[in-house]
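Engineer: With the hints as extra help, turn the sequences into a complete structure.
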Amino acid sequence: MKSYNFLFWAYNVIWLGLGVYLAVLLVRLNRTRRRVERLEQRVDELARD
Amino acid sequence: MSRTGDALLWALYGLTAGLMCVAIYMVFLYAPDELVMGAVQRVFYFHVPAAMVTFGSVAVLLAGSVAYLWTRDLRWDNLSLAATECGLVFCTLVLITGPIWAKPAWGVWWTWEARLTTTLILWVLLAACMMVRGYAENRDLGARLASVVGIVAALDVPIIHKAVDWWRGQHPQVFKPGSDSAMDPRMLNTFVVCIVVFLMLFGLLLAVRFRQAQLDDRVERLVQRIADR
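Listed in order, the protein sequences are those of chains D and R. Residues 1 to 49 (our numbering) are what the first sequence spells out, left to right. Residues 1001 to 1229 (our numbering) are what the second sequence spells out, left to right.
Please note: incorrect hints may appear among the correct ones.
Simulated restraints, written as ranges between beta carbons of each label pair [claimed, not checked]: (1) LEU1008/R to VAL27/D: 15 to 25 Å; (2) ASP1165/R to VAL27/D: 41 to 51 Å; (3) GLN41/D to ALA1127/R: 33 to 43 Å; (4) THR1111/R to ARG35/D: 21 to 31 Å.
Facing chain D, according to a computed beta carbon distance under 7 Å, are these residues of chain R, among others [said to hold, decoys possible]: (5) VAL1036; (6) ALA1039; (7) VAL1040; (8) VAL1089; (9) ILE1096; (10) THR1097; (11) PRO1104; (12) VAL1208; (13) LEU1215; (14) LEU1222; (15) ILE1226; (16) ARG1229.
Honestly, the hints are just simulated from the structure, not real lab data. For every residue, glycine included, the Cβ atom is placed at its ideal position computed from N, Cα and C.
Structural biologist: Printed below as a string of structure tokens:
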């Protein structure tokens, strides 16, 4: 039973680690995409002025 | 990213998630218990592929570093950055799951055994690779320094691989090909599926992180254009 405890924690660490990393990457990617869109809009506005 | 690129990324994400479910089923319900170590040996089904993917990340890091130093094209540095970060994540998982297995098997969480120590050195080098980028005065200097540290990190990989033979370490070589102990075919199938899943996961994370780095460069260029006006 004790070895199942270790197994449980090992796999939880893996899921948590990979899940958190993937979530952080996707959030950062979306945030940067929005920033690029805003900056491109600003560049267009400046070009029109 | 283009719509095709996005669609491919989401397809890879779905495929990886699906195969991950298959891998979990195989690890816990399909593969039999190992005779000596018992249930805790199942840690290896993810521990070993994570180590393999760490080595794969370092191979990409080496290629990106050499290509950057050769061409000074920042796209190569972005590839190195993505590989470094992925390598650091997978190496961290290896260094956490290893001791979780070691405690019931060896009775200690950590021992300064050759393979463990050289893997820890790799983790430190990957962390150093990230830090020199962060602390460098400018982007080019950071990229150059990180490339050099990345090449040094790559030199550690063959040492990790051969550490058990060279220093007669106690780290097990459970899945060593060609070893005398024949592996149960169910264990081998499970192991192969886990390797495939981890490689796909690595591809996915590398692609997303590379894209992020490319977008960061684009932000920098746009900010510069606005400032110049």
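Engineer: Decide, hint by hint, whether the structure agrees.
Structural biologist: Hint check:
Checked against the hint of 15 to 25 Å, the pair LEU1008/R and VAL27/D passes, with Cβ atoms roughly 20 Å apart. At roughly 43 Å, the beta carbons of ASP1165/R and VAL27/D sit within the given window of 41 to 51 Å. Distance hint check for GLN41/D and ALA1127/R: the Cβ-Cβ separation is about 38 Å, which falls inside the suggested range of 33 to 43 Å. Range check, THR1111/R to ARG35/D: about 47 Å between beta-carbon atoms, so the 21 to 31 Å window is missed.
For the restraint placing VAL1036/R at the interface with chain D, the shortest Cβ-Cβ distance is roughly 12 Å, beyond the 7 Å limit, so the hint is violated. The restraint placing ALA1039/R at the interface with chain D holds, with a minimum CB-CB distance near 5 Å, inside the 7 Å limit. The beta carbon of VAL1040/R comes within 4 Å of a beta carbon in chain D, closer than 7 Å, and the hint placing it at the interface holds. Restraint check, VAL1089/R versus chain D: the minimum CB separation of about 5 Å is within 7 Å; hint holds.
Below 7 Å, beta-carbon pairs count as interface contacts, and ILE1096/R has one with chain D at about 5 Å; its hint therefore holds. At a threshold of 7 Å, the smallest CB-CB gap from THR1097/R to chain D is about 5 Å, leaving the interface hint in force. Interface hint at PRO1104/R: satisfied, since its Cβ lies 5 Å from the closest Cβ of chain D, which is below the 7 Å cut-off. The closest approach between the C-beta of VAL1208/R and any C-beta of chain D is roughly 5 Å, which is under the 7 Å cut-off, so the hint is satisfied.
Here the hint on LEU1215/R is kept, as its CB sits about 4 Å from the closest CB of chain D, short of 7 Å. A hinted interface residue such as LEU1222/R counts as satisfied when its beta carbon comes closer than 7 Å to some beta carbon of chain D; here the least separation is about 4 Å, so the hint holds. Checking ILE1226/R against chain D by beta carbon gives a least distance of about 6 Å; that is within 7 Å, so the hint holds. Given hint, ARG1229/R at the interface with chain D, holds; its Cβ is 5 Å from that chain's nearest Cβ, closer than 7 Å.
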